[in-house]
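*Asks:* Using the sequences provided together with the hints, build the complete structure.
There are 2 protein chains.
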Amino acid sequence: MVTADLLPLASAPRYQQLTAMLARDIAQGRYAVGSLLPPEPQLCERFSVSRHTVREAVRKLCDMGLVSRHQGVGTVVRAATSTNHYSASLSSLGDLMAYAKDTRLQLLGERKVQADLALAGQLRCEPGQSWVEWDTCRFAQDGAAIVHMRVFVSPGWEGMREELAQGQAWFFGLVEKYSGERIVEARQVVSAVAVPARSAKILGVKSRSPGLLVRRFYFGRDQRMLSVSLNVHPLGRVDFTTSWHLEEAARKG
Amino acid sequence: MVTADLLPLASAPRYQQLTAMLARDIAQGRYAVGSLLPPEPQLCERFSVSRHTVREAVRKLCDMGLVSRHQGVGTVVRAATSTNHYSASLSSLGDLMAYAKDTRLQLLGERKVQADLALAGQLRCEPGQSWVEWDTCRFAQDGAAIVHMRVFVSPGWEGMREELAQGQAWFFGLVEKYSGERIVEARQVVSAVAVPARSAKILGVKSRSPGLLVRRFYFGRDQRMLSVSLNVHPLGRVDFTTSWHLEEAARKG
DNA sequence: AAGTGGTCTAGACCACCGA
DNA sequence: CGGTGGTCTAGACCACTTA
Numbered sequence: 380m381v382t383a384d385l386l387p388l389a390s391a392p393r394y395q396q397l398t399a400m401l402a403r404d405i406a407q408g409r410y411a412v413g414s415l416l417p418p419e420p421q422l423c424e425r426f427s428v429s430r431h432t433v434r435e436a437v438r439k440l441c442d443m444g445l446v447s448r449h450q451g452v453g454t455v456v457r458a459a460t461s462t463n464h465y466s467a468s469l470s471s472l473g474d475l476m477a478y479a480k481d482t483r484l485q486l487l488g489e490r491k492v493q494a495d496l497a498l499a500g501q502l503r504c505e506p507g508q509s510w511v512e513w514d515t516c517r518f519a520q521d522g523a524a525i526v527h528m529r530v531f532v533s534p535g536w537e538g539m540r541e542e543l544a545q546g547q548a549w550f551f552g553l554v555e556k557y558s559g560e561r562i563v564e565a566r567q568v569v570s571a572v573a574v575p576a577r578s579a580k581i582l583g584v585k586s587r588s589p590g591l592l593v594r595r596f597y598f599g600r601d602q603r604m605l606s607v608s609l610n611v612h613p614l615g616r617v618d619f620t621t622s623w624h625l626e627e628a629a630r631k632g
Numbered sequence: 380m381v382t383a384d385l386l387p388l389a390s391a392p393r394y395q396q397l398t399a400m401l402a403r404d405i406a407q408g409r410y411a412v413g414s415l416l417p418p419e420p421q422l423c424e425r426f427s428v429s430r431h432t433v434r435e436a437v438r439k440l441c442d443m444g445l446v447s448r449h450q451g452v453g454t455v456v457r458a459a460t461s462t463n464h465y466s467a468s469l470s471s472l473g474d475l476m477a478y479a480k481d482t483r484l485q486l487l488g489e490r491k492v493q494a495d496l497a498l499a500g501q502l503r504c505e506p507g508q509s510w511v512e513w514d515t516c517r518f519a520q521d522g523a524a525i526v527h528m529r530v531f532v533s534p535g536w537e538g539m540r541e542e543l544a545q546g547q548a549w550f551f552g553l554v555e556k557y558s559g560e561r562i563v564e565a566r567q568v569v570s571a572v573a574v575p576a577r578s579a580k581i582l583g584v585k586s587r588s589p590g591l592l593v594r595r596f597y598f599g600r601d602q603r604m605l606s607v608s609l610n611v612h613p614l615g616r617v618d619f620t621t622s623w624h625l626e627e628a629a630r631k632g
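Protein sequences, first through last, are from chains E and V. End of the first sequence sits at 632 in our numbering; the numbers just go up one at a time, nothing left out. End of the second sequence sits at 632 in our numbering; the numbers just go up one at a time, nothing left out.
Please note: incorrect hints may appear among the correct ones.
[Said to hold, decoys possible] Using 25 Å as the maximum straight-line C-alpha spacing, the simulated DSS-like pairs for lysine-lysine come out as follows:
#, chain 1, residue 1, chain 2, residue 2
1, V, Lys-556, E, Lys-585
2, E, Lys-580, V, Lys-585
3, V, Lys-580, E, Lys-585
4, E, Lys-491, E, Lys-556
For the record, the hints were derived by calculation from the structure and aren't laboratory data.
*Replies:* As structure tokens, this is what we get:
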């Protein structure tokens, strides 16, 4: 009974049948999340296939995010059903700021701040945390203001100032340079805003007029927050597009 | 000269060395984008490894997006350097509308429309195209309006009306049901808006007050547009968060 | 020390594509 | 038809984790 199911009238490759069977078993709870899949040699015997075939099948489970493999330990069931059905991708974090092409950045000011309750809420940090804040504005070639950007970084990174003002490099690239850490995660929160007075003055629009508030949080390893930027865009200057694609189950050769 | 480079003092697995060498050759233009990599047997001989090892190496190139493999054709070089550095994922398109949890949908009206120039611009369709439009509003449990949503679908799908009004199913799930097609791509465009009079009345906010305009375009195979929705959110009710993660080069076991 | 997954060989046959 | 990548076997040794 152990081997019979696999062979019969199947046209699909064996490893795919094996993948499907194991995925079904996992979905039905035969192999619980957190438990171990049977070792590869055991699967070989049970399904009467070579180890290569078993490994190809388990690899697919791994690609689907259902299991993870660990040398010396075994194959751990990670999820009962595959997730992440849709995905979007960026070739660089710069794509989040596509509007910045052919624009120039002006550095308006710099100050040291300790986050009060309101700012801590905006930055999602602890109240009292120290930051260096740069106040900047980005202009299109026609001179129109596109965004009022406030950048918050750790004290001690003031050396970024010149490079930031030059506008040669991406801000988050400088964050990586000065923190010595790769940005592992970037979170972008977009919401509506009534443009506050100071931003309005900089952007040349009416105070309280409709705008877009974009907050970006940059994280390194261990979810350590490396930097935050608060961006206020006036109405009509930019929009934010994200394309989500259905993930195909199989990896194409 | 052909085999020597691979073996010498290497601690890394051979297939990884092979991957690195091929990736370097591709980056340096030895194998141009669009051309074919040498066939697997040839690579086996050149590097004095078995076909399994070659295939493992090429598989990694495939994972990195540098090449694609085609049975009966060969391995085509797709890019000189790997791309898609950051990605975001959704377990379902419903995650785009996370705010809809514990809310109720009210169907306000239905009409047939032919897109005039303004609407065609909004929907990114041809002027004159026919649509069925549903006018809806979503309310939080506390009774506050969250979004004024206008949904546009193809004529002939009026049967969706009841299911949509029930609020039992996701709107895009109904699109898949009635079109008989999977939604392969969903594009979301977020911009600032001065809430138009009609939306303002429905949402209970002042006309021209700040709000968020979210347009969503749903595509099937061949980029065929299946449906569009126009969503106006008042200030402060929702925000849109996307988390981008750095893609690790290697696939973990 | 025992058992796991990771790597690798040397074969084999098949499905698919283009000439 | 010949050549490509796709699948598969039956071995082997290794690196790693756990006990």
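*Asks:* Which hints from the list above does the structure break, by number from lowest to highest?
*Replies:* Per hint list: single violation, 1.
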